[in-house]
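Asker: Given next are the chains, with one letter for each unit.
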Amino acid sequence: MAEFLGYKREDGRVGIRNYVGVMSSVTCANSVVQKITEQVEGTLPIMHREGCAQIGVDYEQTVRTLVGLGSHPNLASVLVVGWGCENVLANELAAKIAELKKPVEWFIVQDSGGLLKSIEKGSVIAQRMAREASVLRREPVDLSELVIALQCGGSDTTSGIAANPAVGVMSDMVVKEGGSVILAETTEIIGAEHILARRAVNEEVGNDLIRIVKRFEENAKQMGVDIRGSQPTAGNIAMGLTSIEEKSLGAVMKAGTTPLQEVLEYAFRPTKKGLLVMDTPGRDPESITGMFAAGAQTLVVTTGRGIPTGSMLVPTLKLTGNPKAQKISEEIMDIDASVIVEGKKTIEQVGQELFEEVLAVASGKKTKAEILGLDELSILRAGPTM
Amino acid sequence: MLGVVRGGVILAEKRAIVINENDNVATLIADVTAGEIVLVSREDKEENMTVTQDIKFGHKFAIKPIAIGEEIIKYSEVIGRATAPISVGEHAHVHNIESMRGRGDIKEA
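Chains A and B, in that order, are what the protein sequence lines are. Numbering of the first sequence is given in our numbering, commencing with residue 1 and proceeding in unit increments. Numbering of the second sequence is given in our numbering, commencing with residue 1 and proceeding in unit increments.
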């Protein structure tokens, strides 16, 4: 059985990094969060633009995502900072995170003497939490504890020929060892849903998949427009991708060949292991944030043109099958998949390399995006701002 | 531009990939000019074909004659429908293929 060195958490999950998260409950608290994390080593800012004037399912989705991020296995503990007049409340987030067995503290800026005094207060709390986190050590854990998020961005026709099939080889290896991979981006399942649905473990899961794809397509149709206005993107088309069907058939290669175990709504935690699908949009920041909230500890991104997607919370590995992009963007590509179209290595060889690199990263090796500090996070909105 | 000789046949240097034997398009992995011969690779065989237009890296050309309205097949799956006849060696892209999905602009019958 394959193993990696990870941090065992109280909730039974395993982290591959060991930060103290400092998370804003609302956009207004971002400046305080930013200053605390600049001051205190070992902390990581978790900032976003939401948290106020949200209602209904939109409010619920934001809260669910923030609770998922705050309880993430790559965090030793988390400090939640609220401003004071928002409707996503710091104390409520903290209570939900505590229920999930993550050490958590919180405070409100308006109740702490204002912005500057809050930076001091938060820094003192975060310093104590960072000292406590620093004594935690990595231990050997089974690969079955690993959940890998999959994403593609700036796709071209090499994505479906080289990088995505190589990720598929890795996905099959991970699932065979008992681990999990999450395929997302519902837009990029349109036209390939029948392939995944017939691999579903049962009819219900197959129907779930068809339902989320149909819902996505209906939303586009209800606007009375042609989805081709944005999918494939202008960049995709310039690189030779003709239709959303072609893009999707290449994109789902990332999922490998194992049975589909579960279909998740945005930012929900999996209850099964193996191949999972999450309903997210194609745009990277919102899509990856949904998978992070579900507890994915690492992210694998394929690209055709070369995109800077990355996360400090969830170490991100990138690869491209395009020789030109590999040359231009080598500093952000962890694995070279362009050798596949050049006929120098097979899809299986590159998939194996990626699998080994993912295990190394899970045990502490830093990714190129991580070292350069590439960090994206954005919560998907489900309703209008009030 | 011609390259290696294998089995008595001169194989073109520039390549295109056919993913499945049912496909009617190939994907180029080099920029080519009209009249150029390219090596089309399939899982079990390779053959020279001539492209009839300038086509860029990553773009597709027809490897079988495709009639107007006919389905475009790649990965052995439908990726769209021809909006004009496409001859062998001709560039196959958004100018002669349309998507059939997510089309809110078309009223369903």
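Please keep in mind that the hints were generated in silico from the structure rather than gathered at the bench. Among the hints, a few may not be true.
To be verified - No more than 30 Å apart at the CA atoms, straight line, and that leaves these computed lysine-lysine pairs for DSSO-like:
{"#": "1", "chain 1": "A", "residue 1": "273", "chain 2": "B", "residue 2": "56"}
{"#": "2", "chain 1": "A", "residue 1": "176", "chain 2": "A", "residue 2": "324"}
{"#": "3", "chain 1": "A", "residue 1": "324", "chain 2": "B", "residue 2": "56"}
{"#": "4", "chain 1": "B", "residue 1": "14", "chain 2": "A", "residue 2": "345"}
{"#": "5", "chain 1": "A", "residue 1": "345", "chain 2": "B", "residue 2": "56"}
{"#": "6", "chain 1": "B", "residue 1": "64", "chain 2": "A", "residue 2": "344"}
Asker: Provide an ascending list of the numbers of those earlier hints which the structure does not satisfy.
Answerer: Checked against the structure, the hints that fail are numbers 1, 2, while the rest are satisfied.
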